[in-house]
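**Student:** The whole structure should be built from the sequences, with the hints applied where relevant.
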Amino acid sequence: MRHGLSSLRLVLREMQRSKMNTLLSLIVVALATGVWVAMLAVGQASEDVTRKMMKDMGFNLMITPKGTDPARLQMLDFSKDDMPEEYVTRLAEHGNLPAEHFVGKLQKRVELQGETAVLTGVMAEAARTGSKVKPMPTAYEVKPGEVYLASAIAQRLGMQPGASVIIEGRTFSVAKVLPSVGAMPEDIRIFAELHEVQSLLNRAGRINAIDALSCQCDVPIGELMAFLEKKIREVLPDVEVTAYKSILLARHQQRSMVHLMGLMTLSLVMTAAGAAVWGLTYQNVHNRRYEIGVFRALGIPGWKIAALFLGKIILYSATGAAVGCFAGWRVAQALNLLEGAMSLPAGTYSMALLATPAVAALLGLPPILSRLMSDPVEVLGDRGA
Amino acid sequence: MIRLENITKDYRKHGVIVQALRGVSFEATPGSITLVRGHSGSGKTTLIDLIAGLTRPTSGKVFVGGESLGEMGAARLSKLRARRVAVVFQSFHLVPYLTAMENVLLPTLAASVSDSGARAKALLERLGIAARASHYPAEMSAGERQRCALARALLQNPQVILADEPTGNLDEESAGWVLDSLDNCRREGATVLVASHQHLERIHADQEFELKDGAFLGP
Numbered sequence: 001m002r003h004g005l006s007s008l009r010l011v012l013r014e015m016q017r018s019k020m021n022t023l024l025s026l027i028v029v030a031l032a033t034g035v036w037v038a039m040l041a042v043g044q045a046s047e048d049v050t051r052k053m054m055k056d057m058g059f060n061l062m063i064t065p066k067g068t069d070p071a072r073l074q075m076l077d078f079s080k081d082d083m084p085e086e087y088v089t090r091l092a093e094h095g096n097l098p099a100e101h102f103v104g105k106l107q108k109r110v111e112l113q114g115e116t117a118v119l120t121g122v123m124a125e126a127a128r129t130g131s132k133v134k135p136m137p138t139a140y141e142v143k144p145g146e147v148y149l150a151s152a153i154a155q156r157l158g159m160q161p162g163a164s165v166i167i168e169g170r171t172f173s174v175a176k177v178l179p180s181v182g183a184m185p186e187d188i189r190i191f192a193e194l195h196e197v198q199s200l201l202n203r204a205g206r207i208n209a210i211d212a213l214s215c216q217c218d219v220p221i222g223e224l225m226a227f228l229e230k231k232i233r234e235v236l237p238d239v240e241v242t243a244y245k246s247i248l249l250a251r252h253q254q255r256s257m258v259h260l261m262g263l264m265t266l267s268l269v270m271t272a273a274g275a276a277v278w279g280l281t282y283q284n285v286h287n288r289r290y291e292i293g294v295f296r297a298l299g300i301p302g303w304k305i306a307a308l309f310l311g312k313i314i315l316y317s318a319t320g321a322a323v324g325c326f327a328g329w330r331v332a333q334a335l336n337l338l339e340g341a342m343s344l345p346a347g348t349y350s351m352a353l354l355a356t357p358a359v360a361a362l363l364g365l366p367p368i369l370s371r372l373m374s375d376p377v378e379v380l381g382d383r384g385a
Numbered sequence: 001m002i003r004l005e006n007i008t009k010d011y012r013k014h015g016v017i018v019q020a021l022r023g024v025s026f027e028a029t030p031g032s033i034t035l036v037r038g039h040s041g042s043g044k045t046t047l048i049d050l051i052a053g054l055t056r057p058t059s060g061k062v063f064v065g066g067e068s069l070g071e072m073g074a075a076r077l078s079k080l081r082a083r084r085v086a087v088v089f090q091s092f093h094l095v096p097y098l099t100a101m102e103n104v105l106l107p108t109l110a111a112s113v114s115d116s117g118a119r120a121k122a123l124l125e126r127l128g129i130a131a132r133a134s135h136y137p138a139e140m141s142a143g144e145r146q147r148c149a150l151a152r153a154l155l156q157n158p159q160v161i162l163a164d165e166p167t168g169n170l171d172e173e174s175a176g177w178v179l180d181s182l183d184n185c186r187r188e189g190a191t192v193l194v195a196s197h198q199h200l201e202r203i204h205a206d207q208e209f210e211l212k213d214g215a216f217l218g219p
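Top line first, the protein sequences correspond to chains A and B.
Note that the numbering used here has the first sequence beginning at 1, numbered continuously upward.
Note that the numbering used here has the second sequence beginning at 1, numbered continuously upward.
Just so you know, the hints here were simulated from the structure itself, not pulled from any lab data.
Hints may be right or wrong, so weigh each one.
Claimed, not checked - Under the rule of at most 27 angstroms between Cα atoms (straight-line distance), these lysine-lysine pairs were calculated in the DSS-like manner:
1) 79/B x 61/B
2) 79/B x 304/A
3) 80/A x 66/A
4) 66/A x 230/A
5) 13/B x 304/A
6) 121/B x 61/B
This one's a predicted model, so the numbers in the text were calculated from it and none came from an experiment.
**Tutor:** Structural data, given as structure tokens:
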């Protein structure tokens, strides 16, 4: 110790002495950080599961030409109103819409062997240039000359893959029979390649619906539809936006609930941890009040005394944050919440490691300052007259 | 040099105003020892607190080294204590989790001291507790703790040393070590003020005051 006593040495010595206080403080910080990381993982896992589930459930938005009467669509009357096929590209390329997975469709009610079906020309799902988003499982890419039959119509026509079917005078080969969706008209659709259907129906370059999947928007549930409509109409003013509400709202509600629960749990844990850090710092400062008096009598400036206490807080909270991050990540892994080993963004961990000591220091500051502002003579008052 | 001009100090205790010092004036020159005697509650500690700049007088002026403490802010007072004024407490006030050597080096947190390690070691040797350098206060006797506290006070080579009942808790041998060291400091040019309830025969005070109920009875 040629150059005297270093602040770090003093802080470490004190931590060594007040083991219980240090250990408790470290545990509190580690717990709070661990819960925070685990909650983020739960939130992310919930988003991932919801996203996958919703994709499996299919599109939840339908964009149709302006003035389309939903009642007419229910009656499978697709005869009127269409829009340019190019609308799909415009939506996909916009890149800042609360919806994605755009699929253009041209539909027409047809009668085959006395059975009603909906001939549906579909294009490959349109994605933004360079986008790596996986297409929806219900977005079919049908080759020219082939059709996919929905389950009910395949059953009614008694057709299996490999069979031939004549639609509007043209022969198609049945490439696939799709599993039942349990909804009409989805189960009586005959999917074919869009351009082939356009040529068959004499409506080149035209479509009459665009399917889409709404994104997970941070909008109150009551305002969701209006928000989606407004955003889409900013790109395509002459369209109607119809939602498959039960699917859309269930998804939104589920997400809101996870958020709310996460927020409540996190608020509770953080408040408790904050109070504990404050209390433990208060206790530590109180126990060391004579020491503070001696430091001041020795001429150690107030800011340096505060730094000694803050140094301790930063040391244990940084260690606690690291332990908490690791523990939270392990818990998330053990519960299979994270697909990849580090699938929470690296920024989450960096933020926890930086923000935790900063917040802990802020919480610990009031008791330190209050003790520093007290009269040193009073603190040292047990010296006798 | 220390100069006090007509100092009064009142404080409030349990809602009652207590007059701790009443019109105290004196001057102590460098290279001298001033002994202030008085019973418990006579105002000795308040006097030391005022000279150390730990508290401010209700009226009157305190000068240390020719500078009025009343005109100094908290930062300058801290600097004064860090470099020029040292206090030795009756109850030692050593930091319990630091060894004797580390306690002696504590003032280096306030101001750097050239070759502080060697100086601390020399002080421990001079006070006869070199063998205790790596011991904690709890492992030392009262006399050793007081000598350690004195070594801490002397590390910065202060111009003013204020010792509050430095031998109050000590046996004769330890008290001898402490008083001889204070006498050495006087010989080296420091202004030493010792407050005690006892007659300290071993110390050759240049001036002696009797403090009673906050006022000097006379030299």
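**Student:** Given the hint that residue 66/A pairs with residue 230/A, test it: the Cα-Cα distance must not exceed 27 angstroms.
**Tutor:** holds (14 angstroms)
**Student:** Decide if the proposed pair is consistent with the structure: residue 79/B and residue 304/A, CA atoms, cutoff 27 angstroms inclusive.
**Tutor:** holds (13 angstroms)
**Student:** Do the alpha carbons of residue 79/B and residue 61/B lie within 27 angstroms of each other, as the hint requires?
**Tutor:** OK: residue 79/B and residue 61/B at ~19 angstroms, within 27 angstroms.
**Student:** Given the hinted pair residue 80/A and residue 66/A, is their alpha-carbon gap at most 27 angstroms?
**Tutor:** holds (11 angstroms)
**Student:** Please verify whether residue 121/B and residue 61/B have alpha carbons no more than 27 angstroms apart.
**Tutor:** Between residue 121/B and residue 61/B the Cα gap is close to 38 angstroms, so the pair fails against 27 angstroms, i.e. violated.
**Student:** Holds or violated: residue 13/B with residue 304/A, Cα cutoff 27 angstroms?
**Tutor:** violated (31 angstroms)
Going through the hint list in order, the structure does not satisfy hints 5 and 6.
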